[in-house]
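Visitor: If you read the protein sequences in the order shown, they are chains D and U.
So the first sequence is numbered by the numbering used here: it starts at 1 and just counts up by one.
So the second sequence is numbered by the numbering used here: it starts at 1 and just counts up by one.
Errors might be hidden in some of the hints.
Chain copies aren't distinguished; within one or between two, either way the pair holds.
[Claimed, not checked] Subject to a maximum C-alpha distance of 30 Å in a straight line, what follows is the list of computed BS3-like cross-link-like pairs (lysine-lysine):
| # | residue 1 | residue 2 |
| --- | --- | --- |
| 1 | Lys188 | Lys95 |
| 2 | Lys6 | Lys95 |
| 3 | Lys95 | Lys43 |
| 4 | Lys113 | Lys95 |
| 5 | Lys188 | Lys245 |
| 6 | Lys67 | Lys159 |
| 7 | Lys43 | Lys188 |
| 8 | Lys96 | Lys67 |
| 9 | Lys43 | Lys113 |
| 10 | Lys43 | Lys245 |
| 11 | Lys43 | Lys6 |
For the record, the hints were derived by calculation from the structure and aren't laboratory data.
Here the structure is a predicted model, which is why all the values come from computation and not from measurement.
Number of protein chains: 2
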Amino acid sequence: MASDLKEAGGLTRLFVAATLEPGATVTLDDGQSHYLLHVLRAKTGDRVLLFNGRDGEWQAEIAIAGKRGVALSVRARTMPQASVPDLWLVFAPVKKTPSDYLTQKATELGVSKLQPVFTRRTIVTRLNEERLLANAVEAAEQSGRLTVPQIGAAMPLDKLLAIWPRERPLYFCDEDGDALPLAEAVRKTGEGAGAILTGPEGGFDPAEREVLRALTFVTPVSLGPRILRADTAALAAVTIWQSVKGDWRQN
Amino acid sequence: MASDLKEAGGLTRLFVAATLEPGATVTLDDGQSHYLLHVLRAKTGDRVLLFNGRDGEWQAEIAIAGKRGVALSVRARTMPQASVPDLWLVFAPVKKTPSDYLTQKATELGVSKLQPVFTRRTIVTRLNEERLLANAVEAAEQSGRLTVPQIGAAMPLDKLLAIWPRERPLYFCDEDGDALPLAEAVRKTGEGAGAILTGPEGGFDPAEREVLRALTFVTPVSLGPRILRADTAALAAVTIWQSVKGDWRQN
Numbered sequence: 001m002a003s004d005l006k007e008a009g010g011l012t013r014l015f016v017a018a019t020l021e022p023g024a025t026v027t028l029d030d031g032q033s034h035y036l037l038h039v040l041r042a043k044t045g046d047r048v049l050l051f052n053g054r055d056g057e058w059q060a061e062i063a064i065a066g067k068r069g070v071a072l073s074v075r076a077r078t079m080p081q082a083s084v085p086d087l088w089l090v091f092a093p094v095k096k097t098p099s100d101y102l103t104q105k106a107t108e109l110g111v112s113k114l115q116p117v118f119t120r121r122t123i124v125t126r127l128n129e130e131r132l133l134a135n136a137v138e139a140a141e142q143s144g145r146l147t148v149p150q151i152g153a154a155m156p157l158d159k160l161l162a163i164w165p166r167e168r169p170l171y172f173c174d175e176d177g178d179a180l181p182l183a184e185a186v187r188k189t190g191e192g193a194g195a196i197l198t199g200p201e202g203g204f205d206p207a208e209r210e211v212l213r214a215l216t217f218v219t220p221v222s223l224g225p226r227i228l229r230a231d232t233a234a235l236a237a238v239t240i241w242q243s244v245k246g247d248w249r250q251n
Numbered sequence: 001m002a003s004d005l006k007e008a009g010g011l012t013r014l015f016v017a018a019t020l021e022p023g024a025t026v027t028l029d030d031g032q033s034h035y036l037l038h039v040l041r042a043k044t045g046d047r048v049l050l051f052n053g054r055d056g057e058w059q060a061e062i063a064i065a066g067k068r069g070v071a072l073s074v075r076a077r078t079m080p081q082a083s084v085p086d087l088w089l090v091f092a093p094v095k096k097t098p099s100d101y102l103t104q105k106a107t108e109l110g111v112s113k114l115q116p117v118f119t120r121r122t123i124v125t126r127l128n129e130e131r132l133l134a135n136a137v138e139a140a141e142q143s144g145r146l147t148v149p150q151i152g153a154a155m156p157l158d159k160l161l162a163i164w165p166r167e168r169p170l171y172f173c174d175e176d177g178d179a180l181p182l183a184e185a186v187r188k189t190g191e192g193a194g195a196i197l198t199g200p201e202g203g204f205d206p207a208e209r210e211v212l213r214a215l216t217f218v219t220p221v222s223l224g225p226r227i228l229r230a231d232t233a234a235l236a237a238v239t240i241w242q243s244v245k246g247d248w249r250q251n
């Protein structure tokens with residue numbers, strides 16, 4: 001019997017690379033096949049949802065479920081393609097677990113791009129971008145997104161600032177300053193793209209703060225009177241932007 | 001030489017039970033003594049900050065650092081007592097790690113009380129309230145708070161609703177509904193106390209939603225178009241409340 005494959009969050013959704021159109025056959029990779037067969041105990045005829053970031057969301061039925069993996073037959077489109085608001089999160093990577101968490105949560109909250117930067121006080125010196133992407137894919141699948149956020153190549157902050165697209169406002173979460181509350185700062189700028197910059201544990205170096213504050217596309221902002229951990233600050237800032245300027249305004 | 005004991009987030013802060021006044025001697029508990037001596041390698045003369053939720057924040061100097069533990073001599077007050085806005089977070093406990101995380105983050109973001117509730121779809125049936133408190137204390141120490149949030153005794157949702165203080169608006173994060181965005185709903189109610197209710201993985205049961213929506217003190221609210229994990233929803237909701245009605249409005 002055909003039935004919908006479900007998880008805690010609802011119907012199982014999978015991100016795939018293949019083009020999605022009626023009648024297409026999609027072969028899953030090893031990880032996804034294993035997950036379907038051995039974690040969810042899927043069988044032939046079970047239905048899942050697929051998306052690829054381009055063609056919307058589609059219902060698909062398991063055509064083959066065997067030792068060589070899983071192949072799905074694409075049926076009907078359940079949702080047209082849609083994107084999240086154009087918000088980048090620029091963050092100094094923190095330790096492994098908080099970085100995983102940050103990636104998952106920022107994806108759920110709806111960022112279009114995750115951009116790791118190395119600042120003077122960033123302790124982490126290497127970043128597993130594949131791991132970030134895997135976390136982002138999983139969160140996109142579970143949150144009902146139709147896109148996976150882009151993962152920018154990690155680079156030093158000064159390099160990023162040198163190539164920054166100047167029409168995109170960068171809200172710099174400055175815990176030491178007398179900056180405007182983020183919500184107010186966001187409300188003051190026009191519609192359109194945005195970006196949030198959060199520092200590492202220990203914050204930004206005074207020289208970095210000075211450079212940032214001198215740039216015309218940077219607005220220093222405050223996130224309340226308490227000291228927030230790096231990942232808390234990033235998620236709070238994304239939430240406020242979504243609430244004031246993003247797609248959390250709609251019903 | 002006397003010197004300030006520092007951690008990543010700044011000067012070491014400790015929450016203690018004792019009364020804080022000039023010249024008082026405060027003996028630390030075993031956990032705190034161990035942390036100071038063996039993690040931070042503190043020695044006699046080192047300075048830390050103390051708070052107890054009542055007397056503000058005080059500088060204190062290590063008078064004794066030995067096998068029997070640490071005793072501190074209280075010096076001068078560094079900050080008068082202050083409280084966070086009167087916001088409760090009512091949440092269905094999730095698994096152990098997300099519950100730890102939720103407690104830490106909600107404390108940093110500035111809730112006055114954490115109230116666990118059991119809903120129909122709550123999978124966790126027991127809760128280690130001591131563990132929640134330990135997480136809250138640690139986050140209060142690191143975030144610069146002068147209070148530790150109250151931890152309410154876990155109880156079933158229907159019981160909590162029966163004893164609810166009706167003058168306190170309860171914003172019910174209703175992911176299935178056509179509810180108002182939280183920011184808008186919060187803006188519409190007057191100044192004062194508030195509370196946020198978030199569900200477990202899998203959301204609220206239809207019967208629960210009906211009961212909640214019929215209560216005069218409950219306002220169903222939305223947190224955007226994506227499906228958020230239980231802990232993400234709770235933290236996003238606290239952030240929005242703080243931004244619109246709490247102490248994130250000040251500079």
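Visitor: Give me the numbers of the hints this structure contradicts, sorted from smallest to largest.
Guide: The structure breaks hints 1, 6, 7, 8, 9 and 10; every other hint is satisfied.
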